[in-house]
Amino acid sequence: MKQNLIALLCGIIFGIGLSLSHMINPNKVLNFLDITGNWDPSLIFVMMGALAVAFFSFKWILKRPAPIFAESFHISRKSSLDKSLLLGAAIFGIGWGMSGYCPGPAVTGLGLLSMESVIMVVAIYLGFFTYNRFFDEK
Amino acid sequence: MENFTPFSAMAGGALIGISVTLLLLFNGRIGGVSGIMNGVFFAPKSDRIWRLIFLTGLVLGGFIFQRLVPDFNVPRQNYPLFLLGLGGFLIGFGTRMSGGCTSGHGICGIANLSIRSLIATLTFMATGMITVFIIRHSLELAA
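So the protein sequences, as listed, match chains D and A. So in my numbering, the last spot in the first sequence is 140, and the numbers never skip. So in my numbering, the last spot in the second sequence is 150, and the numbers never skip.
Derived from the structure by calculation, the hints contain no laboratory data. Ideal Cβ placement from N, Cα and C applies to all residues, glycine included. One or more of the hints may lead you astray.
Unchecked claim - Here are some, though not all, of the chain A residues that point toward chain D, as calculated from beta-carbon distances under 10 Å:
#1 P13
#2 V27
#3 F49
#4 P51
#5 F61
#6 N80
#7 V81
#8 G99
#9 I114
#10 L120
#11 S124
#12 M136
Construct the entire structure; sequences and hints are all you get.
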């Protein structure tokens, strides 16, 4: 119950952050990726704002033996680079550049009754399903 | 660069940083949206509900902000449908293959000093830039 309340709160804060930073506006994202056009570096400032908080907080949080409401941290311990990391990231970037959406803004846009968001979320789940069903070797 | 909005970008980014901080501190979870989305259907049953609640929060956050500041973000119209459909599919497929998206790799992973996440972030930014170059300047499919 407590964990679900935190999840709700975190979702709301995240959604407001994406809205305030204009990252739910796909053209804003495309303008960031358009380095030879009318370039808009705002997205880098969003990342810097987030990292300015998370860089220090993560370091401090991960010194704890456990989270406050859960038994353990769920964090990837992988450190080696592999083909699926690079190929997957490359494929994601192509989809990002085609649409101007990444998963967070696609979901958040549902709150604005954006038709594009509905299409994006359905298409993203089709991509998840296809990968999980036919390509995941784990 | 007339549309450059550094202050709202930093402030919004800080809120995202606070969100992923609270999620890790209290629940021990990484605030990566693609992983959270995927788990709604593909995680073990007991591990699904908080994910759905987080996503509901995202939608609520978007809704609340829109009610407070109407016209701050105006939904785009008339963008080519196949770029959305195919783009979305590639986003889903690629984020599963690489284990994260802009939030998971780009924010949480880099904050955790993961080289994998840094490399993933540089990779998807590079292919995103190439894709936009092709779509906007070579094929001129979208403005």
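Taking the closest Cβ pair, is I114(A) under 10 Å from chain D? holds (5 Å)
Was the hint right that F49(A) lines chain D, CB cutoff 10 Å? holds (5 Å)
Evaluation of the interface hint that places V81(A) against chain D, nearest CB under 10 Å: Holds, because the Cβ-Cβ distance from V81(A) to chain D comes to roughly 8 Å (cut-off 10 Å).
Does the interface hint hold: is F61(A) within less than 10 Å of chain D, judged Cβ to Cβ? For F61(A), the interface hint holds, since the closest Cβ of chain D sits about 4 Å away, which is under 10 Å.
Going by Cβ atoms only, is S124(A) closer than 10 Å to chain D? holds (9 Å)
At a threshold of 10 Å, is the proposed contact between N80(A) and chain D supported by beta-carbon distances? Since chain D brings a Cβ to about 5 Å from N80(A), closer than 10 Å, the hint holds.
Restraint outcome when L120(A) is required to lie within 10 Å of chain D by C-beta distance: Since chain D brings a Cβ to about 8 Å from L120(A), closer than 10 Å, the hint holds.
May I ask you to test the interface hint for M136(A) with respect to chain D, counting a Cβ-Cβ separation under 10 Å as satisfied? holds (5 Å)
Would you settle whether the hint for V27(A) is holds or violated, based on the nearest Cβ-Cβ distance to chain D being less than 10 Å? holds (5 Å)
Restraint satisfaction for G99(A) [CB to CB of chain D, less than 10 Å]: With a closest approach of 2 Å, the G99(A) hint holds.
Interface hint outcome for P51(A) [beta carbon to chain D under 10 Å]: violated (12 Å)
Restraint satisfaction for P13(A) [CB to CB of chain D, less than 10 Å]: Check passed: Cβ of P13(A) comes within 5 Å of chain D, closer than 10 Å.
Of the numbered hints stated above, the single one contradicted by the structure is hint 4.
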